[in-house]
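Peer 1: Sequence:
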Amino acid sequence: MKCLCVVLIVYCCVLIVASNDPCCTSNAFETVLSEAGGIYVSNATTVPIDVWNKMYYDFNRKMMTLETHTRLSTGYYKQIKIIMDFRQQLEFAIEKGNCTVIPVKESMQKPCIPKNATYLGSNSIGYADEAIEFTSWEFETPNSDVSTKLTVSSKGCVPLTQSMYVNRGMCLHTTPNNKTAVSYTFANFKPMITNDAVFQIPANCQQVHSHIAP
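Heads up: the sequence shown runs through residues -19 to -1, 1 to 195, numbered per mature numbering (1 follows the signal peptide of the UniProt record, and there is no 0).
Label-pair restraints from in silico Cβ distances:
| no. | residue 1 | residue 2 | range |
| --- | --- | --- | --- |
| 1 | Lys96 | Gln187 | 34 to 42 Å |
| 2 | Thr55 | Ala112 | 35 to 43 Å |
| 3 | Pro172 | Val85 | 23 to 31 Å |
| 4 | Glu121 | Asn185 | 35 to 43 Å |
| 5 | Ser15 | Gln70 | 22 to 30 Å |
| 6 | Val85 | Arg52 | 24 to 32 Å |
| 7 | Gly78 | Pro29 | 22 to 30 Å |
When the alpha-carbon atoms are kept at most 30 Å apart in a straight line, the in silico DSSO-like pairs for lysine-lysine are as follows:
| no. | residue 1 | residue 2 |
| --- | --- | --- |
| 8 | Lys86 | Lys59 |
| 9 | Lys160 | Lys59 |
| 10 | Lys62 | Lys86 |
| 11 | Lys62 | Lys35 |
| 12 | Lys35 | Lys77 |
| 13 | Lys130 | Lys91 |
| 14 | Lys130 | Lys86 |
| 15 | Lys35 | Lys130 |
| 16 | Lys136 | Lys43 |
| 17 | Lys43 | Lys130 |
If you are wondering where the hints come from, they were derived from the structure by calculation, not from laboratory data. Every value quoted in this text rests on a predicted model; they were computed, and no experiment measured them. Beta carbons: idealized from backbone N, C-alpha and C, even for Gly.
From just these sequences and the hints, can you work out the full model?
Peer 2: Below, the structure written as structure tokens:
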């Protein structure tokens, strides 16, 4: 269930973005999102997180698509496409042509800064005319044990990096004692969706034989 856990973490990370004043990023955007971290489970074992994703987020459509590439211990990548339809409250996970349908209990959130976020400071990356000014924030996700530090561009409210610590299990079939730490880097951010087809649900996902996972 590692992939499902990664998806939950990724979704949590895109719920909120920030800038020097309360603001929102574009309602529709796409980005390349790399993540690295690990999950500590209660029996003293760890599960590494080494993933890169192509993410498409459209609040107006109430849909999000993730093209996930999870690096395995063999060095190969496991690829899964996940389409989350918040109007239908369903998630479609497509792997090697097979589709699994999973209920979605969360509501899609407008990508805005929380009013209770703590401002950590401002600085810049780069040099002279090439410098990018940024601000950093820290906040807790409501009704959860998720602590997040997020850095965004001062102009445009574009997410740059993020670190997240989860003080309890947030994955399916894991115990509440699990802890997760993960860092994200956003790249090739575009405040639009360049290909609407990424939200198209495959025909086999709509067929009766597609099952609903418990």
